[in-house]
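Participant: Here is how the chains run, residue by residue.
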Amino acid sequence: MDWDVILRNLPFLLMGLQTTFKLAIVAAAGAFPLGILLGLSRLSSKWWLYYPASAYVHLIRSVPLILVIFWFFFLMPIITGRPVGSFTSAAVAFIIFEAAYFAEIVRAGIQSISKGQVMAGLSTGLSHISTMRHIVLPQAIRNMIPVLVTQVIVLFQDTSLAYVIGVREFLRWTSLVDAREFRSIELYATAAVVYFIICFVGSTITRRLEKKGGRLR
Amino acid sequence: MIDINNVSKWYGKLQVLHNVTEKIERGQTVVICGPSGSGKSTLLRCINGLEYFQQGEIIVDGISVQSRSTNIYELRADIGMVFQHFELYPHMTCLDNITLAPRKVRKKLEEEARTLAMSLLERVGIPEQAHKYPGELSGGQKQRVAIARALAMKPKIMLFDEPTSALDPEMIKEVLDVMIDLTKGGMTMIVVTHEMGFAREVADEIIFMDEGRIIERGADESFFRNPKSERTKQFLSKILM
Amino acid sequence: MHPYGGWMLQGIFTTIHLSGIGWIIALILGVVVGTSRVFPVAFIRFLGTAYVELFRNIPLLVQLFIWYFAVPLVLPHTARLWMYENVPNVEYMAALAALSIYTSSRVGEQIRSGLQSIPKEQYQAALSTGLSQIQMYRYVVIPYAARIIIPPLTGEFIGIFKNSSLALTIAVSEVTFMSQRIDSYTFHGIEAVMGASGVYIIICLTIMFFMGFIESRVSVPGLIKR
Numbered sequence: 001m002d003w004d005v006i007l008r009n010l011p012f013l014l015m016g017l018q019t020t021f022k023l024a025i026v027a028a029a030g031a032f033p034l035g036i037l038l039g040l041s042r043l044s045s046k047w048w049l050y051y052p053a054s055a056y057v058h059l060i061r062s063v064p065l066i067l068v069i070f071w072f073f074f075l076m077p078i079i080t081g082r083p084v085g086s087f088t089s090a091a092v093a094f095i096i097f098e099a100a101y102f103a104e105i106v107r108a109g110i111q112s113i114s115k116g117q118v119m120a121g122l123s124t125g126l127s128h129i130s131t132m133r134h135i136v137l138p139q140a141i142r143n144m145i146p147v148l149v150t151q152v153i154v155l156f157q158d159t160s161l162a163y164v165i166g167v168r169e170f171l172r173w174t175s176l177v178d179a180r181e182f183r184s185i186e187l188y189a190t191a192a193v194v195y196f197i198i199c200f201v202g203s204t205i206t207r208r209l210e211k212k213g214g215r216l217r
Numbered sequence: 001m002i003d004i005n006n007v008s009k010w011y012g013k014l015q016v017l018h019n020v021t022e023k024i025e026r027g028q029t030v031v032i033c034g035p036s037g038s039g040k041s042t043l044l045r046c047i048n049g050l051e052y053f054q055q056g057e058i059i060v061d062g063i064s065v066q067s068r069s070t071n072i073y074e075l076r077a078d079i080g081m082v083f084q085h086f087e088l089y090p091h092m093t094c095l096d097n098i099t100l101a102p103r104k105v106r107k108k109l110e111e112e113a114r115t116l117a118m119s120l121l122e123r124v125g126i127p128e129q130a131h132k133y134p135g136e137l138s139g140g141q142k143q144r145v146a147i148a149r150a151l152a153m154k155p156k157i158m159l160f161d162e163p164t165s166a167l168d169p170e171m172i173k174e175v176l177d178v179m180i181d182l183t184k185g186g187m188t189m190i191v192v193t194h195e196m197g198f199a200r201e202v203a204d205e206i207i208f209m210d211e212g213r214i215i216e217r218g219a220d221e222s223f224f225r226n227p228k229s230e231r232t233k234q235f236l237s238k239i240l241m
Numbered sequence: 001m002h003p004y005g006g007w008m009l010q011g012i013f014t015t016i017h018l019s020g021i022g023w024i025i026a027l028i029l030g031v032v033v034g035t036s037r038v039f040p041v042a043f044i045r046f047l048g049t050a051y052v053e054l055f056r057n058i059p060l061l062v063q064l065f066i067w068y069f070a071v072p073l074v075l076p077h078t079a080r081l082w083m084y085e086n087v088p089n090v091e092y093m094a095a096l097a098a099l100s101i102y103t104s105s106r107v108g109e110q111i112r113s114g115l116q117s118i119p120k121e122q123y124q125a126a127l128s129t130g131l132s133q134i135q136m137y138r139y140v141v142i143p144y145a146a147r148i149i150i151p152p153l154t155g156e157f158i159g160i161f162k163n164s165s166l167a168l169t170i171a172v173s174e175v176t177f178m179s180q181r182i183d184s185y186t187f188h189g190i191e192a193v194m195g196a197s198g199v200y201i202i203i204c205l206t207i208m209f210f211m212g213f214i215e216s217r218v219s220v221p222g223l224i225k226r
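Line order of the protein sequences matches chains A, B and C.
Counting in this note's numbering, the first sequence runs from 1 upward without gaps.
Counting in this note's numbering, the second sequence runs from 1 upward without gaps.
Counting in this note's numbering, the third sequence runs from 1 upward without gaps.
These are computed hints drawn from the structure, not numbers from a lab.
This one's a predicted model, so the numbers in the text were calculated from it and none came from an experiment.
Wrong hints could be hidden among the right ones.
Partner residues aside, some chain C positions facing chain A, computed with beta carbon under 7 Å [to be verified]:
#: 1; residue: ALA79
#: 2; residue: MET83
#: 3; residue: ILE190
Here are the computed lysine to any residue pairs in the SDA-like style, where the Cα-Cα straight-line distance is at most 20 Å [to be verified]:
#: 4; chain 1: B; residue 1: LYS107; chain 2: A; residue 2: PRO52
#: 5; chain 1: A; residue 1: LYS211; chain 2: B; residue 2: HIS91
#: 6; chain 1: A; residue 1: LYS211; chain 2: B; residue 2: HIS85
#: 7; chain 1: B; residue 1: LYS108; chain 2: A; residue 2: ILE60
#: 8; chain 1: B; residue 1: LYS104; chain 2: A; residue 2: HIS128
#: 9; chain 1: B; residue 1: LYS156; chain 2: A; residue 2: MET119
#: 10; chain 1: A; residue 1: LYS212; chain 2: B; residue 2: ARG217
#: 11; chain 1: B; residue 1: LYS107; chain 2: A; residue 2: LYS212
#: 12; chain 1: B; residue 1: LYS107; chain 2: A; residue 2: LYS211
#: 13; chain 1: B; residue 1: LYS132; chain 2: A; residue 2: ARG142
#: 14; chain 1: B; residue 1: LYS107; chain 2: A; residue 2: ILE129
#: 15; chain 1: A; residue 1: LYS115; chain 2: B; residue 2: SER165
#: 16; chain 1: A; residue 1: LYS211; chain 2: B; residue 2: SER165
#: 17; chain 1: A; residue 1: LYS212; chain 2: B; residue 2: HIS91
#: 18; chain 1: A; residue 1: LYS211; chain 2: C; residue 2: ILE44
#: 19; chain 1: B; residue 1: LYS107; chain 2: A; residue 2: ARG208
#: 20; chain 1: A; residue 1: LYS22; chain 2: B; residue 2: ALA166
#: 21; chain 1: A; residue 1: LYS115; chain 2: B; residue 2: LYS132
#: 22; chain 1: B; residue 1: LYS104; chain 2: A; residue 2: GLN117
#: 23; chain 1: B; residue 1: LYS132; chain 2: A; residue 2: HIS128
#: 24; chain 1: A; residue 1: LYS212; chain 2: B; residue 2: TYR133
#: 25; chain 1: B; residue 1: LYS104; chain 2: A; residue 2: SER127
#: 26; chain 1: B; residue 1: LYS104; chain 2: A; residue 2: ARG133
#: 27; chain 1: B; residue 1: LYS104; chain 2: A; residue 2: VAL118
#: 28; chain 1: A; residue 1: LYS115; chain 2: B; residue 2: LYS108
Glycine included, every Cβ here is placed at the ideal spot set by N, Cα and C.
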């Protein structure tokens, strides 16, 4: 086994890793706010918020990510009228896709706060908005954080799918190097180890957060 | 002070309140007892607008609860409620639990609200718990903080929804003592409870409800000794020893 | 439309049997893994945890590539030759291996979670009436846990169908692959992709409907608070 192949091609692999992180950060930064909006809409009593948001979430959650990536690969040039790079298409696809998952986390988090808390707040004369702001949301966010971090880790893993439209992220670079060097075992094992370390560290942090958060009540 | 006129409520097809009518005077303490599912808690929540009723009218101090012109938030500020499971906000200290509504609704300043909260904590007997979180308190202490929280808005009426049902037996007394204290101070109170000792001691009127209807009312010892209705007899024989 | 409809049908069929067989394997492995994580022997618990952590922290696509590109190289020379000559569909096998093992680690997690959510008082109550360990598992624990596990397991079942789309990267002719093939012939990429999307939506709805039916048949009043 020739482990030197990793060292020789390190610059390329690192470039790929950098793109992976960029893609993940852009996707998370876009998907999170959109997810919050969608999640709150799914709890709203206004039909013009509830139905579109629910349709969106159910639709996106029924189709594979690869397909959503292909959708935007075809649609982006049409929408913007110009050719669009694969990174951008992938980024948009990830934002739209992951937002549906963040939305469900937000919705479940807010719904997990017992109705008794809401009644307690209202019974002292607080408005619905005040009750949301001071009583429900602080508790909901604290509960949601571990699940949100887990979803970010999933998002990080999902970036590898940008491979299918040629985005030069970490996995794509690994396979490009493999095509030239034919050292599949060393290369893919390394890729696996890198992803594993990053995600395992991430999920360990999540477990710590869960333990800390469980102190309330 | 509180006029309940022919109130009926349905959850879907199930009718949970049947033409409930009752009048409660200022300063009275009324105890409502009855089996689970009899509608007692629901009735209580209709009074401060936390539950909606389809028929009838509830008038609190001249204001109709479900009228369109009523500001329900203002009305709720004048009615205090204490819950079976305390429902203290776990992410805030006891002091903050009590000062939240006075600050946000009555727009009191931090300083003023704190002083008020401390005096209330003293009144319920636990000033030293002010900076602790609800998770660090016993059940009896939590409920007393909940009572202080309700009193912080200086309500005209206090509603108690089975305040001692979730407590260990040795803590029931400390909460009941606070409630007796309130009664003696002239507060208008409606208490849903199974604590017949409390009812005997301080209630001006006792109401027995079953299946969404008021079955019997009594104003004194005769309610316990000689209940008029068969169902009341059955219920009392099961809970009194 | 003629050959393309046929291609789509073939793709749908491949998606269904790839996911179906993968699911069965994943369930079997998942039950083993899930129960090993609550086994009284610490070493077995460790093995179970290692399995789950390994396969859930590596992206499925990377696992797929490892099975397809790297694993054949690990096999001894003769075995590799035999495989390439006698196994007709190496891509399919690699996809099946990756999908089922990845899914089994997730299923194992759900099963562990279900088993652990049964309060230990239930175990104590069962044993106190004189039931043996095996009887306790058979009559009390497993029926209880099974009902708790059904909703998340449904999610994983839908998941394996969606994840089968990754096999297109190694030229397994499942439905998404076919949609891209149609696009490369006709340049009607959008229609092809919409068609594939429709297939997945229908599959999802069907599974949810079916599992909803099963849930209501086996449900015990008051057991699962929704």
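Participant: With the threshold set at 20 Å, check whether the alpha-carbon distance from A/LYS115 to B/SER165 stays at or below it.
Facilitator: holds, 18 Å
Participant: Decide if the proposed pair is consistent with the structure: A/LYS22 and B/ALA166, CA atoms, cutoff 20 Å inclusive.
Facilitator: violated, 52 Å
Participant: Are the Cα atoms of B/LYS104 and A/SER127 separated by 20 Å or less?
Facilitator: holds, 9 Å
Participant: A/LYS212 and B/ARG217 were given as a pair; does the straight-line alpha-carbon distance stay at or below 20 Å?
Facilitator: violated, 51 Å
Participant: Quick one, are B/LYS107 and A/LYS211 close enough, alpha carbons at most 20 Å?
Facilitator: violated, 37 Å
Participant: What's the verdict on A/LYS211 and B/HIS85, does the C-alpha distance respect the 20 Å limit or exceed it?
Facilitator: violated, 24 Å
Participant: Between B/LYS107 and A/ILE129, is the straight-line Cα distance small enough, at 20 Å or below?
Facilitator: Given that 20 Å is the threshold and the Cα spacing comes to 16 Å, the pair holds.
Participant: Just to be careful, I want the Cα atoms of A/LYS211 and B/HIS91 compared with a cutoff of 20 Å; is the pair within it?
Facilitator: This hinted pair holds, its Cα atoms lying about 16 Å apart.
Participant: Could you check if C/ILE190 really has its C-beta closer than 7 Å to a C-beta on chain A?
Facilitator: Holds - the Cβ of C/ILE190 comes within 7 Å of chain A, reaching about 5 Å at its closest.
Participant: Quick one, are A/LYS115 and B/LYS108 close enough, alpha carbons at most 20 Å?
Facilitator: Violated: A/LYS115 and B/LYS108 sit about 27 Å apart, past 20 Å.
Participant: For B/LYS156 and A/MET119, compute the direct alpha-carbon distance and say whether it is at most 20 Å.
Facilitator: holds, 19 Å
Participant: Is B/LYS107 close enough to A/ARG208, meaning Cα to Cα at most 20 Å?
Facilitator: violated, 39 Å
Taken one by one, the earlier hints fail for this structure at numbers 1, 2, 4, 6, 7, 10, 11, 12, 16, 18, 19, 20, 21, 23 and 28, listed in ascending order.
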